[in-house]
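K.L.:
Generate coordinates for the entire structure from the input sequences, incorporating the hints supplied.
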Amino acid sequence: MADKIPPVQLSKSQFNLVGRSVVTLDDVSAPQISYLLRKARYISDHLPEVSQAAAGKILATLFYEPSTRTRLSFETAMLRLGGHVIGFAGAQNASVSKGESIADTLKTVANYADVVAIRHPKEGAALVASKSVDIPVINAGDGGHMHPTQTLADLATLQSRFSRITDLTIGLCGDLTFGRTVHSLIETLCRFGNVKFVLISPKELKMPQYVLDRIKASQSCTYEEVTDLTAVIGDLDALYMTRVQKERFFNEDDYLRLRDTYILDAAKLKLAKPTMAVLHPLPRVNEIATEVDSDPRAAYFEQVKNGMLMRMALMSSVLGVKLPGFAEDDTKEVRA
Amino acid sequence: MADKIPPVQLSKSQFNLVGRSVVTLDDVSAPQISYLLRKARYISDHLPEVSQAAAGKILATLFYEPSTRTRLSFETAMLRLGGHVIGFAGAQNASVSKGESIADTLKTVANYADVVAIRHPKEGAALVASKSVDIPVINAGDGGHMHPTQTLADLATLQSRFSRITDLTIGLCGDLTFGRTVHSLIETLCRFGNVKFVLISPKELKMPQYVLDRIKASQSCTYEEVTDLTAVIGDLDALYMTRVQKERFFNEDDYLRLRDTYILDAAKLKLAKPTMAVLHPLPRVNEIATEVDSDPRAAYFEQVKNGMLMRMALMSSVLGVKLPGFAEDDTKEVRA
Amino acid sequence: MADKIPPVQLSKSQFNLVGRSVVTLDDVSAPQISYLLRKARYISDHLPEVSQAAAGKILATLFYEPSTRTRLSFETAMLRLGGHVIGFAGAQNASVSKGESIADTLKTVANYADVVAIRHPKEGAALVASKSVDIPVINAGDGGHMHPTQTLADLATLQSRFSRITDLTIGLCGDLTFGRTVHSLIETLCRFGNVKFVLISPKELKMPQYVLDRIKASQSCTYEEVTDLTAVIGDLDALYMTRVQKERFFNEDDYLRLRDTYILDAAKLKLAKPTMAVLHPLPRVNEIATEVDSDPRAAYFEQVKNGMLMRMALMSSVLGVKLPGFAEDDTKEVRA
Chain S
8 MADKIPPVQL SKSQFNLVGR SVVTLDDVSA PQISYLLRKA RYISDHLPEV SQAAAGKILA
68 TLFYEPSTRT RLSFETAMLR LGGHVIGFAG AQNASVSKGE SIADTLKTVA NYADVVAIRH
128 PKEGAALVAS KSVDIPVINA GDGGHMHPTQ TLADLATLQS RFSRITDLTI GLCGDLTFGR
188 TVHSLIETLC RFGNVKFVLI SPKELKMPQY VLDRIKASQS CTYEEVTDLT AVIGDLDALY
248 MTRVQKERFF NEDDYLRLRD TYILDAAKLK LAKPTMAVLH PLPRVNEIAT EVDSDPRAAY
308 FEQVKNGMLM RMALMSSVLG VKLPGFAEDD TKEVRA
Chain D
8 MADKIPPVQL SKSQFNLVGR SVVTLDDVSA PQISYLLRKA RYISDHLPEV SQAAAGKILA
68 TLFYEPSTRT RLSFETAMLR LGGHVIGFAG AQNASVSKGE SIADTLKTVA NYADVVAIRH
128 PKEGAALVAS KSVDIPVINA GDGGHMHPTQ TLADLATLQS RFSRITDLTI GLCGDLTFGR
188 TVHSLIETLC RFGNVKFVLI SPKELKMPQY VLDRIKASQS CTYEEVTDLT AVIGDLDALY
248 MTRVQKERFF NEDDYLRLRD TYILDAAKLK LAKPTMAVLH PLPRVNEIAT EVDSDPRAAY
308 FEQVKNGMLM RMALMSSVLG VKLPGFAEDD TKEVRA
Chain W
8 MADKIPPVQL SKSQFNLVGR SVVTLDDVSA PQISYLLRKA RYISDHLPEV SQAAAGKILA
68 TLFYEPSTRT RLSFETAMLR LGGHVIGFAG AQNASVSKGE SIADTLKTVA NYADVVAIRH
128 PKEGAALVAS KSVDIPVINA GDGGHMHPTQ TLADLATLQS RFSRITDLTI GLCGDLTFGR
188 TVHSLIETLC RFGNVKFVLI SPKELKMPQY VLDRIKASQS CTYEEVTDLT AVIGDLDALY
248 MTRVQKERFF NEDDYLRLRD TYILDAAKLK LAKPTMAVLH PLPRVNEIAT EVDSDPRAAY
308 FEQVKNGMLM RMALMSSVLG VKLPGFAEDD TKEVRA
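Chains as they are written, first to last, in the numbering used here: chain S, 8 to 343; chain D, 8 to 343; chain W, 8 to 343.
Since the hints were derived computationally from the structure, they do not count as laboratory data. Keep in mind it's a predicted model, so treat the numbers as computed, not measured. The reader is advised that the hints may include incorrect statements.
Identical copies carry no separate label here, and so any pair may be met within one copy or between two of them.
Within a straight-line C-alpha distance of at most 27 Å, the following computed DSSO-like cross-link-like pairs (lysine-lysine) qualify [to be verified]:
hint : residue 1 : residue 2
1    : Lys114    : Lys280
2    : Lys114    : Lys277
3    : Lys277    : Lys203
4    : Lys253    : Lys213
5    : Lys114    : Lys253
6    : Lys329    : Lys64
7    : Lys275    : Lys114
8    : Lys213    : Lys223
9    : Lys203    : Lys275
10   : Lys203    : Lys280
11   : Lys223    : Lys203
P.N.:
Written out as structure tokens, the structure is:
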């Protein structure tokens with residue numbers, strides 16, 4: 008099947024991300040996202056060819072709170088491009104945080120590194136960081152911990168499974184109120200259009216109105232809200248699972264009752280299409296039974312790999328390094 | 008003097024460790040251990056030649072509890088093979104340990120790395136890790152903190168000093184009850200045979216029966232149990248010292264009385280053969296006086312280097328990378 | 008303007024720092040400092056050429072207390088020379104510090120690394136470390152946290168701004184009693200001579216007598232002590248700002264009153280020469296208003312870069328690696 012790529016006509020210059028910081032996906036145009044998806048797929052097929060592309064470049068991972076999964080993904084991405092990594096994680100950063108502003112830390116690190124990935128407990132920290140320096144800063148999570156490269160990982164997984172990120176019925180299941188990952192995914196998919204969202208949650212954890220409004224405002228996306236996963240799982244092309252956190256509930260009983268309803272297991276999976284893809288931002292606790300891992304529909308560990316590939320695509324782009332053999336402006340793939 | 012190598016006839020395929028996890032030394036055959044010893048010696052003599060052998064490969068060091076010595080040894084080994092390193096150590100791993108299973112962490116990391124070294128406070132963690140993924144997992148200590156590459160370092164030090172790991176009289180001194188390092192060394196040497204073990208400890212810290220049974224079950228190894236180091240030191244080819252930990256004793260007096268008996272110093276060393284090798288797994292506290300360090304018989308810092316070389320040999324083997332100039336199947340060296 | 012280099016006739020051998028540890032700047036001769044300044048300038052202009060100079064070499068950063076700024080500078084310096092980095096920072100070092108002496112840790116690490124940068128809370132730790140091993144050890148701060156590469160960064164910034172480190176009027180402002188960075192800078196500049204120091208501090212935080220004596224003992228350096236920054240700022244070629252720490256004062260009122268007097272802002276800067284350079288060892292708290300950052304006289308973030316360049320110069324020198332194209336013995340630049 009031929010790949011379907013979002014229907015936008017692009018000039019080469021539109022792809023240009025050199026020197027750009029990415030705090031939210033609003034910093035990246037839809038054509039640029041398509042470009043990154045194509046680039047990640049190229050990288051996946053040509054790891055040896057790109058293994059020296061960023062030789063001599065240095066990534067600084069400034070993790071003011073630990074997030075090992077995300078940090079290792081960024082670091083691996085840089086190493087697999089042939090670059091170097093410096094940085095700190097959590098407890099190590101004592102001297103940095105002791106009274107020094109984020110701006111000063113960034114201005115210091117800009118003397119060491121060519122690109123920064125920052126994670127910080129305070130919302131807005133990544134924006135402040137990006138405004139402080141001329142080198143590109145990538146948000147690896149601040150405040151609500153939504154971050155653009157997580158959404159890029161999600162998109163790459165859909166692209167990898169379906170060769171498209173449009174014309175899909177996508178279920179989002181679990182905690183839709185606080186799960187900012189799903190909010191970001193919906194907002195981004197709405198920029199491309201032609202997605203039907205099936206929003207599956209207990210009434211206590213429904214999708215916020217502003218996200219629903221965003222879907223309504225799109226030309227071609229629609230949604231429905233349901234409470235029963237088993238009733239709709241058969242309709243879905245993809246099912247995005249999220250954690251249902253105990254602390255969201257008033258009492259233990261509610262938590263226990265609801266939690267099980269939204270656990271994906273082999274029994275529920277029997278009702279799904281054979282080609283459905285199961286996504287999850289990880290780490291999971293128990294919302295996906297481990298018996299699902301060996302089902303070919305399980306895509307959540309692939310998602311980890313796709314996250315790394317998208318970080319390679321993004322970092323090589325903002326650094327302005329060329330990937331040998333990659334056609335920057337592949338018009339064949341960019342068509343209506 | 009010609010090297011004596013354990014008398015086993017091997018086919019090339021027996022050496023094959025590609026893709027293999029090493030949780031205990033039971034995962035490695037005696038011929039494979041001989042092969043690793045030969046490989047480590049080759050590496051030691053050809054560091055520049057092997058310095059790009061693992062280019063593009065990534066080691067993940069997953070240290071759920073800190074062990075700087077072991078972590079740095081693995082990391083140096085990978086870097087000296089030309090590969091990259093990612094990972095976490097102790098306090099950094101908050102996000103990994105927060106509710107995520109070891110299996111899930113490994114399945115995630117398998118998307119980043121080509122080989123894993125894991126250290127974990129819980130016995131069995133390394134086995135669980137190795138069962139979770141297809142990439143090779145090397146146990147860097149779990150539970151009792153015995154780990155196979157420590158024993159490989161010990162064997163390499165004997166090989167380096169005596170050009171053999173058989174036909175030796177080896178004293179093991181100190182805490183023989185809880186010192187799992189010496190248990191592992193004895194069990195491995197018994198697979199090769201022709202070692203006389205002299206077990207030197209206070210009666211409170213004698214060798215467990217199952218280890219004695221293992222020696223008895225071997226065809227050609229023997230042991231004797233003694234309490235006085237000075238009485239036997241003159242007979243030994245090698246003396247393996249261990250820490251005598253205060254918390255093993257009921258009272259301070261017993262500890263102080265016994266501790267000094269098992270401290271190796273220049274005076275005791277005068278009674279030893281001029282070629283005796285002193286080993287110690289490190290870190291030492293005070294069981295070897297620092298005056299011994301400058302004695303040519305002190306082999307414990309060499310042991311550190313040998314540990315790194317054996318980790319280079321083991322990682323290059325499980326990764327299946329070729330070492331330029333190394334004869335994989337050197338039949339000349341494999342003879343009765 | 009032609010560079011002025013300290014007036015010493017040198018033989019090539021005097022430059023030789025191979026294998027040398029640097030615990031204080033007393034370990035480096037004045038000609039060697041000039042050599043390092045020239046080397047750092049060369050590196051700055053030839054980063055691509057030197058990017059593989061230390062290929063295969065390993066730096067160990069042993070940070071017994073965190074100092075992210077300094078650690079990242081050393082690590083970047085090594086990476087930009089093409090070498091590798093291993094190490095620990097703060098909380099990670101539990102197993103190293105648990106009962107093991109610094110000497111033993113160094114003897115272990117000497118099997119892994121080719122050069123060590125050590126930071127330790129105890130004064131004298133770096134000296135002990137350097138005496139324990141044959142590989143070069145660089146002090147990255149012990150006890151009072153003065154360290155030689157900070158002073159080298161300061162000198163390189165003066166050299167970069169004025170093409171000389173002599174024939175300057177240099178103001179040092181703030182806490183001159185406890186600020187060991189300025190003590191070290193003064194002592195080193197006195198070895199080169201022809202500097203007029205203007206010591207600007209509240210009477211509670213005056214320069215210690217032994218530093219004044221050092222200036223007096225020099226042939227060509229002088230000083231004056233003042234309390235008012237604005238009165239002298241117009242005379243200065245360079246102004247070295249330091250933190251005024253709250254805990255140095257008996258009461259909050261004194262602190263608040265004095266603090267503001269020694270804050271550099273745009274208003275005070277209007278009184279200064281257009282070519283004056285503002286230095287600060289960083290991190291700053293509020294002793295330099297952020298509005299100063301965009302003034303071309305602000306040199307404190309340049310200082311960060313110069314620190315990295317001097318660490319590249321120093322590490323390449325003690326490692327004995329050649330920098331392609333660099334003239335080790337440039338007699339043209341070494342003249343009276």
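K.L.:
Is it within, between, both or neither when you check Lys114 against Lys280 at 27 Å Cα-Cα?
P.N.:
between (51 Å within a copy, 25 Å between copies)
K.L.:
With 27 Å as the alpha-carbon cut-off, assign the pair Lys223 and Lys203 to within, between, both or neither.
P.N.:
within (11 Å within a copy, 72 Å between copies)
K.L.:
Go through the copies and call it for Lys213 and Lys223: within, between, both or neither, with a Cα cutoff of 27 Å.
P.N.:
Classified as within; 16 Å inside a copy, 69 Å across copies.
K.L.:
Should Lys253 paired with Lys213 be assigned to within, between, both, or neither, using CA atoms and 27 Å as the limit?
P.N.:
within (16 Å within a copy, 50 Å between copies)
K.L.:
Treating 27 Å as the Cα threshold, decide for Lys277 and Lys203: within, between, both or neither.
P.N.:
Cα proximity of Lys277 and Lys203: one copy only (22 Å, versus 62 Å across).
K.L.:
Quick one: Lys203 to Lys275, C-alpha cut-off 27 Å, is that within a copy, between copies, both, or neither?
P.N.:
Intra 21 Å, inter 62 Å, cutoff 27 Å: intra-copy only.
K.L.:
Under a CA distance limit of 27 Å, which applies to Lys329 and Lys64: within one copy, between copies, both, or neither?
P.N.:
both (13 Å within a copy, 22 Å between copies)
K.L.:
Quick one: Lys275 to Lys114, C-alpha cut-off 27 Å, is that within a copy, between copies, both, or neither?
P.N.:
Only across copies: Lys275 and Lys114 sit 23 Å apart there, 52 Å inside one copy, limit 27 Å.
K.L.:
Please work out whether the CA atoms of Lys203 and Lys280 approach to 27 Å or closer within one copy, between two copies, in both situations, or in neither?
P.N.:
Only inside one copy: Lys203 and Lys280 sit 16 Å apart there, 66 Å across copies, limit 27 Å.
K.L.:
If the cutoff is 27 Å on CA atoms, where do Lys114 and Lys277 land: within, between, both or neither? Let me know, please.
P.N.:
Only across copies: Lys114 and Lys277 sit 24 Å apart there, 54 Å inside one copy, limit 27 Å.
K.L.:
For the identical chains here, do Lys114 and Lys253 meet the 27 Å Cα criterion within one copy, between copies, both, or neither?
P.N.:
between (40 Å within a copy, 25 Å between copies)
Violated hints for the displayed structure: none, as all numbered hints are satisfied.
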